[in-house]
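**Student:** Residues per chain are reported as follows:
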Amino acid sequence: MPQPVQYRGMSLIVPDNDTEWKEFYAHARAHRLVVRKCAPCGLLRYPPTHACPWCMALGWNWQEVSGRGTIYSYEIVHHAIQPGFRELTPYAVVLVELDEQRGQPTPDESLRIIANLLRPDLTPEGPAEVAIGKRVRVIFQDLADHMALPQFTLTDEPPQGRVWRLP
Amino acid sequence: MKALRDKYCIVGVGETEYSRASNRTTRAMAVEAVRHAILDAGLTAGDVDGMLDYQGGDSTLANHVAPDLGIRLNFYMDVMGGGSSTEALVGLAMGAIEAGMCQTVAIYRSMNGYSEFRIGGTGARAAQPVRGLDLAQVPFGMRSAGQNFAPTFLRHMYEYGTTSEQVAHVKVAHSKHASQNPKALLKERVTVADVVGSRWIVTPLHLLDCCLETDNATCVIVTSAERARDCRPRPVHILGVAGRVSKPRLDFHWAHGPITRVAGYYAKDIVFGQAGIGPDDVDLTGSYDAFTFTTMLQLEEYGFCKKGEGGHHVSSGVIELGGRRPNNTSGGHLCEGYTHGMSMVIENVRQLRGTVDDYCPKAAEGVHTYDYAPGRCRQVKDAEIAMNLGWAMPPLGSALILRR
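Quick mapping for you: the protein sequence lines, in order, are chains B and P.
According to this note's numbering, the first sequence is numbered sequentially starting from 1.
According to this note's numbering, the second sequence is numbered sequentially starting from 168.
Chain B with its partners taken away, still in its complex shape (with noise of 0.2 Å):
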């Protein structure tokens, strides 16, 4: 078993027995994002799952995502719960929704993900810049020989939508 990744006074355990999330990780530390594709019915999912959440069949393959999508919603932390973000504060942490089957198979439906905003060299955006609307695309944040977190940055692309963040 490879040893706990320690991470901002965290320990983060990703077992040799890990069928959710090992090979994920593998992937993002080669700057990869992945996600699972139903092989029957072909529609993605994430977090890491075992079965179509809208077919229910077992089989899936990863599938390799643009990693470019839209801040829906976020969150600005002042008060930091884990000591090791304590001296990031205030930090971003954004509700990234992907461009791949957004609004699909049901209109209420998309792949979201959570990360921290940041800047391209890993430090941490400033809180001013970050609203719903804007544009990003994934970033790796190296961790281990096994393992890297995806977080996101901002493009210069166009919003998509109503840009907005709290006055």
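It should be emphasised that the hints constitute simulated quantities derived from the structure, not laboratory data.
Each residue gets a CB set at the ideal place from its N, CA and C atoms; glycine is no exception.
Hints may contain errors.
[Stated by the list, open to error] Simulated coverage check for chain P against chain B, where a stretch passes if three residues somewhere in it have a Cβ under 8 Å from a Cβ of chain B:
no.: 1; region: 299–312
no.: 2; region: 422–434
[Said to hold, decoys possible] Between beta-carbon pairs, the in silico distance windows are:
no.: 3; chain 1: B; residue 1: Gln6; chain 2: P; residue 2: Leu300; range: 16 to 22 Å
no.: 4; chain 1: P; residue 1: Arg401; chain 2: B; residue 2: Cys55; range: 51 to 57 Å
no.: 5; chain 1: P; residue 1: Gly533; chain 2: B; residue 2: Pro53; range: 32 to 38 Å
no.: 6; chain 1: B; residue 1: Lys22; chain 2: P; residue 2: Arg239; range: 45 to 51 Å
no.: 7; chain 1: B; residue 1: Arg86; chain 2: P; residue 2: Gly224; range: 52 to 58 Å
no.: 8; chain 1: B; residue 1: Gly103; chain 2: P; residue 2: Gly299; range: 24 to 30 Å
no.: 9; chain 1: P; residue 1: Ser413; chain 2: B; residue 2: Arg86; range: 30 to 36 Å
no.: 10; chain 1: P; residue 1: Arg239; chain 2: B; residue 2: Gln63; range: 53 to 59 Å
no.: 11; chain 1: B; residue 1: Thr89; chain 2: P; residue 2: Arg239; range: 48 to 54 Å
no.: 12; chain 1: P; residue 1: Arg194; chain 2: B; residue 2: Thr89; range: 24 to 30 Å
no.: 13; chain 1: P; residue 1: Gly542; chain 2: B; residue 2: Pro53; range: 31 to 37 Å
no.: 14; chain 1: B; residue 1: Gln63; chain 2: P; residue 2: Leu300; range: 31 to 37 Å
no.: 15; chain 1: P; residue 1: Glu265; chain 2: B; residue 2: Gln104; range: 18 to 24 Å
[Said to hold, decoys possible] Facing chain P, from chain B, some residues (calculated, C-beta under 7 Å):
no.: 16; residue: Met10
no.: 17; residue: Ser11
no.: 18; residue: Trp54
no.: 19; residue: Cys55
no.: 20; residue: Met56
no.: 21; residue: Leu58
no.: 22; residue: Ile76
no.: 23; residue: His78
no.: 24; residue: Gln82
no.: 25; residue: Ala115
no.: 26; residue: Ile139
no.: 27; residue: Gln141
no.: 28; residue: Asp142
no.: 29; residue: Leu149
no.: 30; residue: Val163
Starting from the structure of chain B, add chain P where the hints point.
**Tutor:** Quick look at chain P alone, frame taken from chain B:
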């Protein structure tokens, strides 16, 4: 399905002191709360033969609490979970009795929620390793309840124009109620300016938008309407219950929108369907206030106002004592103390009995002044139907409708 309407009652309620330094075990507190509820019901230890409790690895199991009180159990179960468990376990108690497994069930929650296992995620909880589904959020500095819910709240502001000032009225209302509650941890009334002027915790939550982590234990006792007739207090009948109703993708609810929709969207038809009533028939509510926003989101999802109009609704005076439908008349989790939902059911039971424990000298006899000034009365006049809207997280909730 109205088969069980009026067949079961809550006959006893009890709690310990709400504090931030209990200096004792969850076992000691649970025993005291269960004892208080048994005495409140006018029962003895020999009358209670069922026990249910819920916790998150932070409490004492029923097999230690019951024997302390000399209770021999025919049925018990310890359940994992936090908010929204109260109403769900009331339903399970009804089911256990209906199945003939037992006759009278004590439901308790005991936690050193401030001095030991802080619900907010600091202390012992923050030190836990991160694995499994937690990897989808926790490594990004998203661990506490407030951090987990904030994107839902913020999106509501984006979609519907809800403002911080509107939502602050939930805290204002509950602080008014707490000023008439001798048990409340925070009895001081606050203003909208106090709430929006308090420091940011995680946008859009200010400090005063968040509830009070508390040490306490709480208990309610459920039995059949038939047995309830022999109990001391006026029985409070259960009209309907919905337990741990979920949105799709409970594992990662962000995948299924609208993310401003909460579980009440699905729970309301179950609970109102059983009760055979609608929102207009409800005299007071206990909409779970882990945060100001959770009260608002649930009130609109259960149909007390239109979806998206929650901000206007909670700032209109409706939810205050003296208003059309007061919410959390004890002060709730924002002001009385955090109990994972139990106290809101306890308060509604007392309201329906007409014996809410305010500052009226003869409150226990049901004599109230209905003067809602600070330090006075908090009894709702002629309250007949009360509803609890239990919250666990945006995609998970429970509900309970009670009648006098």
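**Student:** Does 48 to 54 Å hold as the CB distance between B/Thr89 and P/Arg239, or does it fail?
**Tutor:** holds (53 Å)
**Student:** Hint says 32 to 38 Å; check whether the CB-CB distance for P/Gly533 and B/Pro53 agrees.
**Tutor:** At roughly 52 Å between Cβ atoms, B/Pro53 and P/Gly533 fall outside 32 to 38 Å, so the hint is violated.
**Student:** At a threshold of 7 Å, is the proposed contact between B/Ile139 and chain P supported by beta-carbon distances?
**Tutor:** violated (13 Å)
**Student:** Holds or violated: B/Met56 as interface residue toward chain P, Cβ cutoff 7 Å?
**Tutor:** The hint is violated - B/Met56 has no Cβ within 7 Å of chain P, the shortest such distance being about 14 Å.
**Student:** Should the hint that B/Ala115 touches chain P count as held when the rule is a Cβ pair under 7 Å?
**Tutor:** With Cβ-Cβ at 6 Å, under 7 Å, it holds.
**Student:** For the restraint on B/Asp142, tell me whether the closest CB of chain P is nearer than 7 Å.
**Tutor:** It is violated, given that the least Cβ distance between B/Asp142 and chain P is near 13 Å, above 7 Å.
**Student:** Would you check whether B/Ser11 satisfies its interface hint, that is, whether its CB is within less than 7 Å of any CB in chain P?
**Tutor:** holds (4 Å)
**Student:** Taking the Cβ atom of P/Ser413 and the Cβ atom of B/Arg86, is their distance within the range 30 to 36 Å?
**Tutor:** For P/Ser413 and B/Arg86 the Cβ distance comes to about 34 Å; the hint holds.
**Student:** Given a hinted range of 31 to 37 Å, is it respected by the beta-carbon distance of B/Gln63 and P/Leu300?
**Tutor:** The hint (31 to 37 Å, Cβ to Cβ) is violated, given that B/Gln63 and P/Leu300 are roughly 20 Å apart.
**Student:** Are there three or more residues in the region 422–434 of chain P whose C-beta lies within less than 8 Å of some C-beta in chain B?
**Tutor:** holds (count 5)
**Student:** Starting from the hint 24 to 30 Å, judge whether the C-beta atoms of P/Arg194 and B/Thr89 obey it.
**Tutor:** violated (37 Å)
**Student:** How about B/His78: closest beta carbon in chain P under 7 Å, or not?
**Tutor:** holds (4 Å)
Consistency with the previously given hints fails for numbers 5, 7, 12, 13, 14, 15, 18, 19, 20, 21, 26, 27, 28, 30, ordered from lowest to highest.
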